[in-house]
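With the hints as a guide, bring the two chains together.
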Amino acid sequence: MSLLHLAVLSPLLLALLIPFLHKHFRNIHTGWFLLPLPAVLFGYFLQFISVTRHGDTVMESLPWISSLGIDFSLKIDGLGLLFALLITGIGALVVLYSIYYLSPEKEKLNTFYIYLLLFMGAMLGVVLSDNLIVLYSFWELTSFSSFLLIGYWNHKERSRYGAQKSMLITVFGGLSMLGGILLLYIITGTFSISETIAMSNEVVNHPLFTATLILFLLGAFTKSAQFPFHIWLPDAMEAPTPVSAYLHSATMVKAGIYLVARMTPVFAHSGTWVWLVAGIGVITLFWGSFSAVKQTDLKAILAFSTVSQLGMIMSLLGIGAAALHYGTIKDGYYIVAVTAAVFHLINHATFKGSLFMVTGIIDHETGTRDIRKLGGLMNFMPITFTLAIIGTFSMAGVPPFNGFLSKEMFFTGMLRVAEMDIFSLETWGILFPVIAWSASVFTFLYSMIYVFKTFTGKYQPEKLEKKPHEAPIGMLVSPVILASLVIIFGIFPNVLSHNIISPAMGSILPSLLADGESFDVHISHWHGFSPELFMTLGVIVLGLLLFKTLSKWTGIYRIFPERLSLNHLYDGGLEMIEVASRNITKTYMNGFIRTYLVYIFSFLIFILATTMIYKDAFKLDFSNVAPIRFFEVVLVLIMAVSAITILFAKSRLTSIILLGAVGYTVALFFVIFRAPDLALTQLVIETVSVALFLLAFYHLPQIRRNEERIRFKLTNALISIGVGAIVTLIALSSHSNKMFDSISQYYVENTYKKAGGENMVNVILVDFRGFDTMFEITVLGIAALGIFAMIKLRMTRGKEQE
Amino acid sequence: MKTNDVILQTVTKVTLFIIILFSIHLFFAGHYYPGGGFIGGLMTSGAIVLLLLAFDIKTVKSILPIDYIKLTAIGLLFAIGTGAGALLFDMPFLTHAYTYVNMPLLGKTSLHTAVLFDTGVYLVVIGVTMTIIQTIGESE
Numbered sequence: 000m001s002l003l004h005l006a007v008l009s010p011l012l013l014a015l016l017i018p019f020l021h022k023h024f025r026n027i028h029t030g031w032f033l034l035p036l037p038a039v040l041f042g043y044f045l046q047f048i049s050v051t052r053h054g055d056t057v058m059e060s061l062p063w064i065s066s067l068g069i070d071f072s073l074k075i076d077g078l079g080l081l082f083a084l085l086i087t088g089i090g091a092l093v094v095l096y097s098i099y100y101l102s103p104e105k106e107k108l109n110t111f112y113i114y115l116l117l118f119m120g121a122m123l124g125v126v127l128s129d130n131l132i133v134l135y136s137f138w139e140l141t142s143f144s145s146f147l148l149i150g151y152w153n154h155k156e157r158s159r160y161g162a163q164k165s166m167l168i169t170v171f172g173g174l175s176m177l178g179g180i181l182l183l184y185i186i187t188g189t190f191s192i193s194e195t196i197a198m199s200n201e202v203v204n205h206p207l208f209t210a211t212l213i214l215f216l217l218g219a220f221t222k223s224a225q226f227p228f229h230i231w232l233p234d235a236m237e238a239p240t241p242v243s244a245y246l247h248s249a250t251m252v253k254a255g256i257y258l259v260a261r262m263t264p265v266f267a268h269s270g271t272w273v274w275l276v277a278g279i280g281v282i283t284l285f286w287g288s289f290s291a292v293k294q295t296d297l298k299a300i301l302a303f304s305t306v307s308q309l310g311m312i313m314s315l316l317g318i319g320a321a322a323l324h325y326g327t328i329k330d331g332y333y334i335v336a337v338t339a340a341v342f343h344l345i346n347h348a349t350f351k352g353s354l355f356m357v358t359g360i361i362d363h364e365t366g367t368r369d370i371r372k373l374g375g376l377m378n379f380m381p382i383t384f385t386l387a388i389i390g391t392f393s394m395a396g397v398p399p400f401n402g403f404l405s406k407e408m409f410f411t412g413m414l415r416v417a418e419m420d421i422f423s424l425e426t427w428g429i430l431f432p433v434i435a436w437s438a439s440v441f442t443f444l445y446s447m448i449y450v451f452k453t454f455t456g457k458y459q460p461e462k463l464e465k466k467p468h469e470a471p472i473g474m475l476v477s478p479v480i481l482a483s484l485v486i487i488f489g490i491f492p493n494v495l496s497h498n499i500i501s502p503a504m505g506s507i508l509p510s511l512l513a514d515g516e517s518f519d520v521h522i523s524h525w526h527g528f529s530p531e532l533f534m535t536l537g538v539i540v541l542g543l544l545l546f547k548t549l550s551k552w553t554g555i556y557r558i559f560p561e562r563l564s565l566n567h568l569y570d571g572g573l574e575m576i577e578v579a580s581r582n583i584t585k586t587y588m589n590g591f592i593r594t595y596l597v598y599i600f601s602f603l604i605f606i607l608a609t610t611m612i613y614k615d616a617f618k619l620d621f622s623n624v625a626p627i628r629f630f631e632v633v634l635v636l637i638m639a640v641s642a643i644t645i646l647f648a649k650s651r652l653t654s655i656i657l658l659g660a661v662g663y664t665v666a667l668f669f670v671i672f673r674a675p676d677l678a679l680t681q682l683v684i685e686t687v688s689v690a691l692f693l694l695a696f697y698h699l700p701q702i703r704r705n706e707e708r709i710r711f712k713l714t715n716a717l718i719s720i721g722v723g724a725i726v727t728l729i730a731l732s733s734h735s736n737k738m739f740d741s742i743s744q745y746y747v748e749n750t751y752k753k754a755g756g757e758n759m760v761n762v763i764l765v766d767f768r769g770f771d772t773m774f775e776i777t778v779l780g781i782a783a784l785g786i787f788a789m790i791k792l793r794m795t796r797g798k799e800q801e
Numbered sequence: 000m001k002t003n004d005v006i007l008q009t010v011t012k013v014t015l016f017i018i019i020l021f022s023i024h025l026f027f028a029g030h031y032y033p034g035g036g037f038i039g040g041l042m043t044s045g046a047i048v049l050l051l052l053a054f055d056i057k058t059v060k061s062i063l064p065i066d067y068i069k070l071t072a073i074g075l076l077f078a079i080g081t082g083a084g085a086l087l088f089d090m091p092f093l094t095h096a097y098t099y100v101n102m103p104l105l106g107k108t109s110l111h112t113a114v115l116f117d118t119g120v121y122l123v124v125i126g127v128t129m130t131i132i133q134t135i136g137e138s139e
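Chains as they are written, first to last, in numbering that gives the first Met the number 0: chain A, 0 to 801; chain B, 0 to 139.
Treat the hints as calculated values from the structure; they're not laboratory data.
Even glycine gets a Cβ: it sits at the ideal position worked out from N, Cα and C.
Keep in mind that a hint or two might mislead.
To be verified - Each computed DSS-like pair below joins lysine-lysine, with the alpha-carbon atoms no more than 27 Å apart:
id, chain 1, residue 1, chain 2, residue 2
1, A, K105, A, K22
2, A, K752, B, K107
3, A, K462, A, K452
4, A, K547, A, K372
5, A, K791, B, K57
6, A, K457, A, K372
7, A, K155, A, K466
8, A, K585, A, K457
9, B, K60, A, K791
10, B, K107, A, K791
11, A, K753, B, K107
12, A, K465, A, K372
13, B, K57, B, K69
14, A, K155, A, K462
15, A, K293, A, K551
What the hints assert, rightly or not - Residues of chain B placed beyond 12 Å of chain A at every Cβ, according to the derived structure:
id, residue
16, V5
17, T11
18, L87
19, L104
20, L105
21, L110
22, G126
23, T134
24, E137
If we strip away everything but chain B, and leave its shape as in the complex, we get (with noise of 0.2 Å):
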């Protein structure tokens, strides 16, 4: 029996880029309003796990090629990465940077190493879910 999923699947294609930009909104805005690396990592992982109920584990893999416990640890390099940087400026580590630039087109930004930092929070939290939520779904 095949059933006929086009209208989630049809709002599915449409939502997941609505999620998409919030989450990365989320992680952006984290360091000046609500939101940062963690939330940001839930709300990616929750569009692809929308994916996953509108289509099916095989598709997913196939469009989102991720090996996700590689991810994990890609965030892990990235957070320690961040803290032993700051090593390297003979800073204690974890010790963070930032300043503000003017870019063209942006203005005026602030760069920030927390935000690296963060980054490697939002990739290990995605792939910790993705990781939990696709193991439990193949385990059948």
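Just chain A, same shape as in the assembly (with noise of 0.2 Å):
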């Protein structure tokens, strides 16, 4: 157990003591026990940052269930390095938010803490794993803690659908990405992500890749809401401000893009990485800014930014993967789309959790998030203000925020794709840049919408819940830290670039550095009068544009309608889904007992009649056989006329005696076989049930005793003869395939010697195999047990009815 382990871990076990603080420091916010572990982790892992700057990496491994190559392996490159700084980081600032963001008086804090804590084990242990096994085990603890975060006030009917919805989305790709854990195992014989890295030439020409690397991404795809998997995260927006800052922007959203991020080396070197990463990315970002813009929620607002904001990260790692195909670093003109995505990724998880915080004081102090009831709070929340421009215009790529930066970068990306002469992308590469243009226009828009509407314009005091006045001190340090940072980043990038992007790309793409080499990445503001400035040029004008004919046009977005959505599709697909496995099962459920002997009988004729046919088993062989005397045809022929007859009886009497005459005769076949045991056991018991059967027939009801002919029914009829063939078939041929000699002989020869009795029936009965016996006689007490207790329990349940 290293310290990195107890890093890692200590988040779980500090939830162990949440309880007990909560329990006994009543007075204290239970908060304030919690702020120091992601401070100090913070701090822990900052340290790091000299390793990981040279390319080294620290790997702790903990065996855990070694036989099964599953250890408990950790590992800190640039990269997860990367992710544990934003987890604890943010998380430190999130904890110190809520602590004034949830009243301790109306909420129950420690369950709050609970779950944050383990969201953020879960989250460090997904990062950091170097074991792909370990790595699932965090990932859908993620996936859990996020529910019950999203769930938490749950006497809210939305809180609990969100809960469910995300559940049910994430824990699908979850389980996709284990088959593609499995199947990663299966071509590469390691669960080690270093390992199979260092054998993705093996792995891109198996003829599983596809359908792993498939699997992995419908894992990646869903956790970060990418289309059209992201309906989860509007819906996620139930939970308290802090958790959607935290899980649903900053870190959890996110994991699907470490995710692609940790097995680009694996799997990127085929067009259908490239081509699916990217494409779903550019479709996302679109579909997820144009969303953005109908909303009139400010965290549906900040949602769909989420959404695609992911998409644009997303589609520069698949864009920034097809730089591996040209090997190449020495003017680094293909990997930008890669320094775009981390870049990003950081600036990404800054503003937009400062954005969502800003949601949250905006809530706090006005009572609504809705923008047709706000605005011009400016006057009164100057503070608030300023940080939610700071947010926005970072978000929108305006400069000097570190929005404009990453946007020029992933502007340039996108131009490449159009150059790019592998894939096939240069016929359909120069969709890239176009799609991600326009939606970098909506992403402006909503961004003015969610600035303006708000803050500027009309105040409508009528409209709101409480009279709104600045947010308390410590609700704005945390926001005022990250907007700080937005503009660090901004003005200041490169102090992000040597320490912290360029060895996250070296662990992106590894297999383009050589040994102790790392990536040159210099972030510049002034690129010159490139296509890329006029670009955004084109960004902010046409989205001032559209923001002041706003009312003119959302016209269009009713065109569009609610039916065809996608959330319309999950929730009537659900609906569809109960409905059609209730039809299902009640087709086949039909509670008649009938109907299920009829299955059973008839899967039992299927199965034995193909595995006969299909084995060839049938046999006749009358060589063995005895030679037919009179009495047994007699016999035969009474006990096969009384059968039929039965069948055909009128009244319930005569098949009684019928089945009595039936018993009798099997006795007298005994007699004539020579069983003599047999043939006094049968005659009592037959005499018994044929009086049990008589007393139950004296007992049938007046009204049910309709005295017909069985019904003929032609199922029941064919079903009855195929059994009774088969059975028969089976009977010939096991006959004739007799493979070896019985085994009486023993007995024959040992029931005197041994056992000191002659009658080897009852010797066999309870000396060689008393065992059964003793059983047997179980069960008749057993049945006697029974009618005893169905008899007394029912006359005394009638007594006490009267």
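As structure tokens, this is what we get:
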């Protein structure tokens, strides 16, 4: 157990202590006990920068299920460290924010912080694990804790709906990923990510490659809310705002991004990967920003914005993967997309985190998040307004904030796509910059809507629940820190480039680096009059135009019918599955034992007949057959006639008597086949059972005593003939296929010698195989007790009812 | 209305002992001739059923004050106890032992633990059949 393991597990360990702390220190907000942990972890992870900036890694392993190749191994490299810093850093800020956001009187704080800690530990585990199974375990723990956090206000129906939806979708993806992991294990024979990366050439040429790739991508796309799995994210906004800020903007939704970045060295040698990741990313980017414009809830705008930005990072990763095929980093011409992806990942975490916190403040201070009710808050909340301006302008890609830089690089990356000459990108590649550019226009548009509809315009006090005022200082600390990071990274982007971005890129594209080499990342503000600059100008101009004329063209959103939306599809699909499965179950589980017997018997016939035909098992061999005697023929005739007459008997009494006749004939058979014990027993038992039948017959209720012929049913006849035929055939074949002599000779010899008896049947029953007899009498005892209990209990219940 | 069952009852009184003797014979002869605990038990309960037919349940209960469920339990204990007894002699479960002794009056007689096991079967069969018949008979 190294310090690193302790660091990853520490949130889970602290979660165990939370209930005690919550109970014994009632007057202190539980969050304060939590706050030091992510802060300390952040400091702890910061010291690894000196290791990773030279391209080195830290590897710690702890045996878990070593026999299956599953070890709790943790690895710190550039990519893992970047995520670990994001998780702990933003985690600390979110905890601080939540201390002021959640009221200790109204909320169940201990559960909230336990879930949050579970999530934090799980997320650290996901990004630092080097073992795929360990990664998967933590991955599911993030889904699970996210489910708990979304449903935190479980008295609300919408919360439960959102939690269930996110659970179903992310667990679907998680399970697909598990399938991918197992396939990858089949290909490589190891669960270790580092070893898998080393074997990437074998992976690409394996026949299972495409299936593995798609399963992994399903996991990544569902977690990171990519089209068409993005629908859970807007509904996850029912969670408390600190949760939305933490999970659904900065960390959990980036787990899919992490997975794609982590697996890029393994999968990126194929065109399928590049097309899927980049294509789905771009579609998500456009669809998210397009949908965000029509939202009226601030959090919904941010949710769709998150979807869109995640799509953007995803598409950049996909395109960056294509760089692997050029195999050179001399001018970094194609690598810029990966740089942009990593940089934007950081930027998005900063500005989206602060924007969620701003939204929380607005909600907290006015009582609503609906932009139709808000307006003119600028004068009441100047600090919040400033924070919102910084966040949204960065999101829209306006200088001098960090979003501008990453957006410029994004355009550069997209423009390079059109120049690529692999994977037939030269044909359709031109679509990438076009879609990316139009999506950016919408991004600009909803950013403007967010800030100006909320803070400027007319103040509508009558629609607000509270009188708005500036938030308390404690609530402002976290967004202020994040917003200052937005500015710092915007003005001095290169503080990040060597320490964070370059090592992270080294993990994503390791094969491009020789030993000791690292990416030379330099982010500059001014590229000269490049196409990217004009694209940004175009975005701003067109965005402003669209914002001014918003009311005139919003009608186009109504053209697209609600019925065709993915949400409707999801809800309808879920309902349809339920209805369909209920109907299917209803058709075959109809409650009649008769029908079930038909199923059982037809299955029996089917299986036995198929086996016999398939194995060619039927065989007739009469060489071993004894001669048929007169008595046997007579008895068989009697038995057959009475058995057949039962079928056509008109009254129950006839059936019972005929059944008795069959039984006594069987006893006679025992006599002529020389089985005196059996004959005796059969006679007595037959008598008793006929008596019991008569008793049951006597007690049948008056109304249902319709003494009519058994209704003839063709199916029943067919099935019973089938069963009879198949059993006869099997009996004949098995008789003709005797392979060994009987073991009865042993009994004949030893009945007297070893067991001191002469009646062989009885000696077998009580001595050689007495164990069976012991349990048979137990069965009899149980039957007697059962009858006793049924009758006596029914009688007492009858008395109570009287 | 009261029926007069003198003939039935008298015949029962005579036959009963013959049937019981026959059933005991079947039981004891089991190891050498057709018979054994199962059929012996059925015969004995057949005798009791005859009593039940000739007289009524209350009378039979006063003649034979037996709790048949307990009888079943005792029978099972016999069977399992016989089996477990072998364990005391460091033998596998249900190993039987027998020996021949010369007894006064009876002469050479075999003693066999399998008979104890069969006694268990005998008692269980009586207990079970009588429980079933009595319960159904009382249920109305």
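Of the hints given before, which are not true for this structure?
Hints 8, 10, 21, 22, 23 and 24 contradicted; others consistent.
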